[in-house]
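S.K.: Next come the chains, spelled out residue by residue.
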Amino acid sequence: MEKHAGFMKALKCRECGREYPLTANHVCEFDFGPLEVVYDYDRIRHSLTRASIQARPKSMWRFRELLPVAGEPTVGLEVGCTPLLKADRLARRLGIRELWIKNDAVNYPTLSFKDRVVSVALSRAKELGFTTVACASTGNLANSVAANAAAAGLNAYVFIPSDLEQSKVVNSLIYGGHVIGIKGHYDEVNRLCAEIAGKYPWAFVNVNMRPYYAEGSKSMGLEIVEQLGWRIPAHTVVCMASGSLLTKIYKSYQEAMKLGLAPEARPRIHGAQATGCSPISTAQKAGMDFFKPVKPNTIAKSLAIGTPADGFYALRVMKDTGGSAEDVSDDEIRDGIKLLAECEGIFAETAGGVTVGVARKLIASGAIPADDSAVLCITGNGLKTLDAVVGHAGYTREIRPSLREFEALLDAEEHAPARA
Amino acid sequence: MPPKKSKTPAASAAPPTHTRLWLMYPPKLITNPVIWELARKFPVVTNVRQASVTDEIGIVCLEIGGERPHVKAAIKWLEKIGIKVEPVEISVIES
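Sequences listed follow chains H and R, in order. Note that the numbering used here has the first sequence beginning at 356, numbered continuously upward. Note that the numbering used here has the second sequence beginning at 116, numbered continuously upward.
Just so you know, nobody snuck in bad clues.
Which bits of chain H does chain R cover? Going by a derived footprint, with three or more residues having C-beta under 8 Å, they are:
#1 380 to 389
#2 532 to 544
#3 549 to 556
#4 641 to 652
Calculated from the structure, these hints are not laboratory results. These numbers were taken from a predicted model, which means no experiment stands behind them. Even glycine gets a Cβ: it sits at the ideal position worked out from N, Cα and C.
From just these sequences and the hints, can you work out the full model?
M.R.: This is the structure:
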């Protein structure tokens, strides 16, 4: 074991089980399987109880024994503890008895669940002695790395495709890090970034820091369990890009049960994708345990990963838990965004529209029974993907500054409210 | 018929490089001796580290070593014949 390992034991290959020291390493040298953090649950059981958790500040770090940092966290101390709200109006519209929304659209500081994984990756990077952090991203991850690195005083390199929309570029540039636009198609950019990650002694959050980074997602599931009154939800719907979030939500439920934080249950985890990039849901529906890579073509850019790194493991979780997968068209994604906004006052990014649209389909098909309870994981804020809904969100009606014109407009309304 | 020697870029000044890739074969290429052809066409060292072949897809984890321009040309050729090439760190670019 490392000298300062906290509650971590080792990194372990998900395929062959070989163990590695707790360094910045993400792939097994023997079979190239992904590495995952394993913990000393016997020690954690003595330290992490319902009482100890509830006595801690309201952030994701109240579950710190289950997050892969050796000492006290140093980055993103305010991240997490986002609202879990009972969505009665949306439940009625979707036709289910009970529905909850875990709303990471208001996560701190950059309005997406990525702040969870990035604060873990950066805290661990500082422990391992890195002074420069990096990522390759098309949106939420870039914003989060740039912001959290700035706040932590770390040097940041953010790689983006050079044709990214200006609004997304500004969301990363504003924090003062190095933002590098790379000319080329997706595969070339991907390979270059893998090469850079291999050559420079930087903490690439989703490459050499991936085992630590990915564990941050568990905090979303652990918060759901606590906010439900220490109960594992019967059904959870999670959007899938790489598939990592879905696998980590399940891991968090397993850990909560293993540690006695929640009673034993049989949670079903359901996966949501956009039809324009649905390698995992297509494979799940066909009953396959592998996926075929696709070329993404969807408005849900934050889910547009054609070769999902954790696709195989996400398929396994859905199979093991009796979960389902579905996908929705671009129009259904916009309908999902509007439905969530109109029913619950939450403006989610396109990935949220995917989750709502897929939940609607799974409830209609009976995969999620109408008399049951479900949690929908909303992962990002709609202000980040305005382009996807511009022209689809309705229209304004303009009048001159005249009461007569306003009342004429009201009269013209089909359902104009009665005037006093 | 033996494969034609393709032109490979000059590699004199470039340092050796070593890369780890996932190759994804479409069904029509599964029966082709692609890696043998690759080694004949380009002066690179190949090492299969993992493979899984079904009727629907072939997935091979391949290490390629050699002068950087040769490695890049080899990857380009793989893509040209219809194989999807990803670094072992797939999904480096996230949303």
